[in-house]
Amino acid sequence: MALPKKLKTNINISPRPPQPQYDSGYNGLTTPNRRRELSELITEDGTYLPKSILHADMDRGMLDFVKEKLDTSTSGKKIPVIDRILTLQRWGEFSQSWSFSTEDKNVSLPFIVVVRQPQVVYGTNPSLQYTIPDRKQFHFAKVPTWDGNRKGVDIYSIPQPIPVDITYDVKIICNRMRELNQFNKIVMQKFSSKQAYTFVKGHYIPIVSESISDESVIDTEDRRYYQQNYSFQLQGFLIDEDEFEVKPAINRSLLFFDTNTSHKKTGNGSPSIVDQSQINIYNKNKFRRKLDFGTDDTTSTITYAYNANVNLVRSDNVSSINYKINGTPTEGKVQVEIGDVLVVTIVKSGSGTASVTLEEFIYS
Amino acid sequence: MAEQKKIPITRISRFFASEDFSLEQEMGMEWLHGDMNFTLVLFSVDREKSDVDDVYGEAGPEEIRYKAPVEFNAYVSIAEPKNSSYGSGLVNQMEPGNMTVSVYMKHLKELNIDVSYGDYIGYAETEDRMRYYVVTNDGRVTSDLAHTIGGYKPFYRTITCSYVSPDEFKGI
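Here the protein sequences come in this chain order: Y and B.
Numbering that gives the first Met the number 0 applies: residue 0 is where the first sequence begins, and numbers increase by one.
Numbering that gives the first Met the number 0 applies: residue 0 is where the second sequence begins, and numbers increase by one.
FYI, nobody ran anything at the bench for these hints, they're computed from the structure.
Some hints could be false.
Said to hold, decoys possible - Each computed SDA-like pair below joins lysine to any residue, with the alpha-carbon atoms no more than 25 Å apart:
(1) Y:66 to B:66
(2) B:169 to Y:184
(3) Y:104 to B:66
(4) Y:170 to Y:145
(5) Y:170 to B:116
Based on the sequences and whatever the hints tell you, model everything.
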């Protein structure tokens, strides 16, 4: 069966060559300039950690966006924006609009107001889905420390931000069609690609245009006015500094190791001279010699330059072993002297190689 | 500052002139203030000094600043208490109904006060129980015939208020 067309049979996993959009060249290993710049915006004028972004910050971000990016003027006069999210407190509502109110304390038209839907739901920001359970902490920065004696670092870690969607209704209330047109033009230009961004504490947060509806009161009997509602969804996220963790990292490593002190040259546990002879030396004058026999070898010859008592301590693939000193077979104790030739002959217990380990106790 | 232009009111002057209007008003005020003597306290919110939130313009009960409380007389009508609940019949709550206050405009002018949307009004229900209400309709527009004497000139305002919990406003 043929492979599916979408299946990639050759994936290049090596770092990509420099890309033209990065001045310094993006080699896939270093942090790109723009990413570094964005990171610096987040921690600017503060600690090494990002600042909290909570509901009020996002509301402020939306208000600033409407005030600055959707700023509308007609006939040289700016349409005022009520610079607060209106809430239940009645006097607060009044106090925000008094500067452009009539004799009857009604708000003068035209004006723009931002009304937030009270409910804040789990977000649809695609970069922040529910991917990490249990508020797991992630490394954010290593910060150098100095306590006057030691250099070290603190590890700053934060959990994954929580995505939230907040819906805002931006309403324009006015008496003239040209004011509607002007505001609509600005909104359309700003949201020509469906979304725009507000800037909250160093983070770019997307705002998506959802719908436009008309709520104008055009009645024969009552006062007429235009009212249009632009519904926007802010796809934000919550970062709470109470959840941040700062932990000291390793600032000094101590390596402990232990040794056999019986072979110290001096001090406690070192060999001592008592009556011109050394004591406290274990395995003194002992020497081990390993004899390897090839597949076809069964004999090994050793010429001694010292006096020694020879014992067999280990053998492999050997069923029996014979010793000859200077051509004379030896039974029992094997004792060689200077100049002696020891011939070791083995009988293998199976085919292949074999080995014998002899322990020689040297004496004078 | 230029003086505000004044327009003489001469309608129904054959039957009812400004002297009659003043007399009727004085008599009504004497009855309301002298005989009825319903006393209320106005807590006019100081919107500049109140410690408000930057984003929402909200203030906690301890953060609301109000101008010196002023006692005034008005005709008071309080609707019967409302028995309701917060959640589909659960978490029952019983609280006073809305309060309707009818006050002479001249009286407000004499006291040099104005009642605005969102101001708080205290009403001493008993010797040791003051309840607070928030102005939901300051009755500033008195263009209807009912607020005039025979269509001559408006003379009182009807202010409607709803009850506020101590969580919103604690008064004194």
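Those earlier numbered hints the structure runs against, lowest number first: Going through the list in order, the structure violates hints 1, 2, 4 and respects the others.
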